[in-house]
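Trainee: What follows is each chain in one-letter form.
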Amino acid sequence: MSVFKKAINDYKKYREYILYTTKSDLKVQLSSTFLGYFWWILDPLMYMLVYMLVVMVIFQRGGENFPIFVFSALVPWKWTVSSIMDSTSSIASKGGLLQQVYLPKFILPYVKVLVNTAKYIFGIFVLLILMAFFGAPYTWHLIEFFIVFLVHFLFILGVGFILSHLGVYFKDINNILQFTIRLWFYLSPTLYSLQDVPAKVRILWWANPMTTFYASYRNIFLYGKSPLYPQLGFWVAMSLLIIWIGLKYIYKYDKNYTKVI
Amino acid sequence: MNNLAIEVKNINVKYKFVKSMNIKQELIKMIKRKKETRTKEVWALKNLSFSIKRGSNVGIIGSNGSGKTTLLKTIASIFQPDSGEICVHENSISLLTLGAGFQPELSGYENIYLNGLILGFTKEQIDAKREEIIEFSGIGDFIYSPIRTYSSGMKTRLAFSIACHIEPDILLIDEVLGVGDESFRQKSNEKLKELIDHDRTVIMVSHSLPALQELCDELIWIEKGVLKEYGDTETVLNHYKEYMNNLRRK
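Residue numbers (UniProt numbering), protein chains in the order written: chain A, 1 to 261; chain B, 1 to 250.
Derived from the structure by calculation, the hints contain no laboratory data.
Calculated pairs, DSS-like style, for lysine-lysine (alpha carbon to alpha carbon, straight line, at most 25 Å): (1) A:K259 x B:K9; (2) B:K9 x A:K252; (3) B:K14 x A:K259; (4) B:K9 x A:K255; (5) B:K224 x A:K259; (6) B:K123 x A:K94; (7) A:K94 x B:K40; (8) B:K16 x A:K255; (9) A:K171 x B:K14; (10) B:K14 x B:K40; (11) A:K171 x B:K24; (12) A:K27 x B:K123; (13) A:K171 x B:K16; (14) A:K248 x B:K14; (15) A:K255 x A:K171; (16) A:K23 x A:K78; (17) B:K46 x A:K252; (18) B:K40 x A:K171; (19) A:K94 x B:K16; (20) A:K13 x B:K123; (21) B:K191 x B:K123.
Work the whole structure out from these sequences, hints included.
Mentor: Structural data, given as structure tokens:
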């Protein structure tokens, strides 16, 4: 428990720094491209169009309201992957800075996750607009988005913490991630629904947190239902566990990272 | 209430170089049945202990690679000592660094905040000091352009202006005397002396013996990670010069 307390104390101390770097990180990303903000909207839209083309036009598949179906999973997927990838290099790439000043290291992956979260919120707004376009119902269940969002956020944070630690000591992690993430994408019901998975192995799909998250997002945005609360409850517990493990490692090596990067 | 600012007790710092694992070499090793450890350890600081009085200015000398900067960074809690402890009896301690966390894409103005927050200022403190910092750096209207458009001199001037506005109880300095062009160098050295002369505890690393002679009350001399001598500036400096001359003659 003590690492949580330590992290919260450090968080309070560095709150202004965290906010400011997050903002400036976003600003840097915006200023370096011509279309700026538009990319945050265009990026998921383009992906959606690609999958619509592949699934609806080429394979002649995709159920009712496939665009929203795929979009409500793609945006969270993008968020997950970019946060995780950015976190992995977050400590390892800040060698110069960390040699100069002391910073509690968990701040670095945390900022990366925050940056990606800001973009994610953008994507959700696009989704809300697209819903009107494709005739998905607006219901009170939309409010429950925040619960799913929070659980998902904790999960990403936990994975980000652990990978940021590994990213310092294990350089091959990037190669492994490239492949793992691809595999993870196809093992998550992004382009298909869980019902398409053979019933015999379907139970295995629940070991993947994305199954729970996607189903919950789709319930909210597409079917006007509540998210899957029991499963979400399980993933809150799991996420807190991995956050704890991540923080423990990061604090243990807090002042030793600087000797190797 | 004791009179000490920092107590360093038997600290050891080691650098562990881990050769990155390489599957080809591992296989060769397995075939040749060679046992080789991948880690190489270097003790940067060995069993170092000393204490520094409140308000004194202490210099650290030693030849290259003797662990001066490591010592400073360990005191600044950037490195963790592998054994021993460092007790700091003051509230704030910071290493004077230039341009930590600068973002080249952002304006100088924004970088003042970015750098300042990293150095431990609060946002209000920066708000209050901002004008003074810009004024001191002498950058003028360029402050609103991205840092990547700055010349390296302008960058260091801005960095120094931010850094020298910190007011910690204990200040650690690692060779930053003299930055920028002639006029700014004079200005910055004056400012630095003001920071040092103020009744705060200062520990500095420098190779400039005249500067140390002028600024420090006491010197710590470390050689290959071991404390060689700790005493008042004149004595240590004489011994150090003698030692260096002897080395040269050999």
